[in-house]
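**Student:** This is what each chain is made of:
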Amino acid sequence: MSDKLLVIGESRDGELRNVTFEAIAAAKKIKSDAEIVGIICGNQNLQNQGQEMIYYGADRIVTVQHDNLKTYTSEGYGQALMAVINEENPAGIVMGHTAIGKDLTPKLASKLESGLISDAVDIEHNNDELIFTRPIYSGKAFEKKVITSGIILATIRPNNIPILEKDETRSGDIQSKDVDITEIRTIIKDVVRKASEGVDLSEANVIIAGGRGVKSEDGFKPLYELADLLGGAVGASRGACDAEYCDYSLQIGQTGKVVTPDLYIAVGISGAIQHLAGMSNSKIIVAINKDPEANIFNVADYGIVGDLFEVVPQLTDEIKKALQPTS
Amino acid sequence: MNIYVLLKKTFDTEEKIIINDGQIEDDSAEFIINPYDEYAVEEAINQRDEHGGEVTVVTIGDEDSDKQLRTALAMGADKAVLIDTEDDLEDGDQYTTTKILEAFFQDREVDLILAGNVAIDEASGQVGPRLAECLGINYVTTITDLKIDGDTANIDKDVEGDVEKIETSLPLLVTCQQGLNEPRYPSLPGIMKAKKKPMEDLEIDDLDLEEEDVEPKTKTVEIFLPAEKEAGKILEGEVEDQVKELVSLLKNEAKVL
Chain L
1 MSDKLLVIGE
11 SRDGELRNVT
21 FEAIAAAKKI
31 KSDAEIVGII
41 CGNQNLQNQG
51 QEMIYYGADR
61 IVTVQHDNLK
71 TYTSEGYGQA
81 LMAVINEENP
91 AGIVMGHTAI
101 GKDLTPKLAS
111 KLESGLISDA
121 VDIEHNNDEL
131 IFTRPIYSGK
141 AFEKKVITSG
151 IILATIRPNN
161 IPILEKDETR
171 SGDIQSKDVD
181 ITEIRTIIKD
191 VVRKASEGVD
201 LSEANVIIAG
211 GRGVKSEDGF
221 KPLYELADLL
231 GGAVGASRGA
241 CDAEYCDYSL
251 QIGQTGKVVT
261 PDLYIAVGIS
271 GAIQHLAGMS
281 NSKIIVAINK
291 DPEANIFNVA
301 DYGIVGDLFE
311 VVPQLTDEIK
321 KALQPTS
Chain F
1 MNIYVLLKKT
11 FDTEEKIIIN
21 DGQIEDDSAE
31 FIINPYDEYA
41 VEEAINQRDE
51 HGGEVTVVTI
61 GDEDSDKQLR
71 TALAMGADKA
81 VLIDTEDDLE
91 DGDQYTTTKI
101 LEAFFQDREV
111 DLILAGNVAI
121 DEASGQVGPR
131 LAECLGINYV
141 TTITDLKIDG
151 DTANIDKDVE
161 GDVEKIETSL
171 PLLVTCQQGL
181 NEPRYPSLPG
191 IMKAKKKPME
201 DLEIDDLDLE
211 EEDVEPKTKT
221 VEIFLPAEKE
231 AGKILEGEVE
241 DQVKELVSLL
251 KNEAKVL
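Residue numbers (the UniProt record's numbering), protein chains in the order written: chain L, 1 to 327; chain F, 1 to 257.
Calculated directly from the structure, the hints in this document are not laboratory data. Misleading hints may appear alongside valid ones.
[What the hints assert, rightly or not] Coverage of chain L stretches by chain F, computed from C-beta distances (three or more under 8 Å per stretch; other residues unrestricted):
1) 137-144
2) 285-292
[Stated by the list, open to error] One side of the interface only, derived from the structure: several residues of chain F facing chain L at Cβ under 8 Å:
3) I32
4) P35
5) L249
6) L257
Note that beta-carbon positions come from the ideal geometry of N, C-alpha and C, so glycine has one too.
Taking the hints into account, I'd like the entire structure generated from these sequences.
**Tutor:** Written as structure tokens, this is what we have:
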């Protein structure tokens, strides 16, 4: 087995996503003395992103720059990555369990005839075994999995594996590789931005989620204010999405997104089992609900029984005060 | 059009998970069609109604999987195929599933394959794109709209909340995301008709596969439940005081501010 692990870097709006650095840390957990080779694809100069990956623990970078890699397509990225994989012959490949990771890694697994562990939240060693922990049944249970043959291929869930400390004294080789990317049959004609600017739900450290109790689209405004203040994202229960208070892309639960932020504030959410599956592994859960019997209080670390329209604005003000430097 | 739907049965979303002897207890569980696969069945029916052809629903499972197949037939699918692996395979993973489906599709004419974007049990989302790659056909995951015109497909794809407008060509595999459609409930006449619709039973022998051809590449070594959360703290007093206390707890005890 070679001592080389590849980490596939992923960027949004020209900036590497945090999960890329988490993937580097994950590779270190797989084999602490492995050479970590970062791969970045795009249509522009990728030197700076390469340098950033090195600061966070990568040893060497391969970039593939091509006009056909402007936006992600499984065909374009597939060709670029297979060229690099064939040349580097790594022992393993890691990337984030993001929209791109979910779309791309099964293709690589098929090409490599390999297993694939999706959505890992932890990596450990037990004697000689490399063990991945991943949620099943949307977090109602967990499984520990091993790869029994072939290359190590895994995606990691954002927000679970701590990144390595940034070290700007680190340096490494950044090499650009020419790959001919041909015959793209699936063309992206346009991208319509709907997601709120800034923080993505699956990567957010703080999530303010609203349920039916929020009562209307307008009712979500105070939630957005609080989320903005904390650099977080807004989510919703299925009830709120079904009632058209917000877009389905915000839905958290067994259908919808499964999230594990540091702080989850559930506002006007009763806590159906399907919703709890999507968020109950958050580190700290706050519930605000006028019904003291609401199920959400069973998983909450802190609960306020009260009218959310009264509580949320006050909470925002109080947090504002708390965040101001004390004189 | 030859339209296929990949379907999996999953635990009802209401079910609690109980672990017995290291395995998830499924004797008393209610099973449903994986909710994302319901979007696939609905979309397949709509596409057939618009363009003609036939919808075949395929599942890999055990003898009880016919229940979910009958539901899909009652919704309006034309044919069902059950690949029963219960007697032949002890373990399997997404590699196994893909190899079986690849063998199944080997001699079939396919225009469109639809699947859910994930199953809500194992939630790996691998089988769709893995299969497309094996069959050498295009694929688009997490779609929220599909328009087919001749050999061209125009698709809306959900990318973490943004929408990509995609053009691609048939044959094609898509995986379905919430928002694509509203799956119908089977009607009573639909349920009656479903009883007479053809259901084919296959085993891996029938697909010219040996056990070693589909040997998994990964293995589950342990299943466990998340640690029970300790009862939380319900704050008391006037709203103003509760809010103050909460902020103080978040800052000093939980250290998340």
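**Student:** None of the hints should be skipped; say for each whether it holds.
**Tutor:** Do the hints match the structure? See the list:
Under a criterion of three residues with beta carbons nearer than 8 Å to beta carbons of chain F, the stated coverage of the stretch 137-144 of chain L is upheld, 8 such residues being counted. With 4 residues bearing a CB less than 8 Å from a CB of chain F, the stretch 285-292 of chain L meets the requirement of three and the coverage assertion stands. Interface restraint check for I32(F): the shortest CB-CB distance to chain L comes to about 11 Å, outside 8 Å, so the restraint is violated. The beta carbon of P35(F) is positioned within 8 Å of a beta carbon in chain L (closest approach about 5 Å), and the interface hint is therefore held.
Taking 8 Å as the C-beta contact cut-off toward chain L, the hint placing L249(F) at the interface holds, the least distance being around 6 Å. Because the closest C-beta pair between L257(F) and chain L is about 6 Å apart, less than 8 Å, the hint holds.
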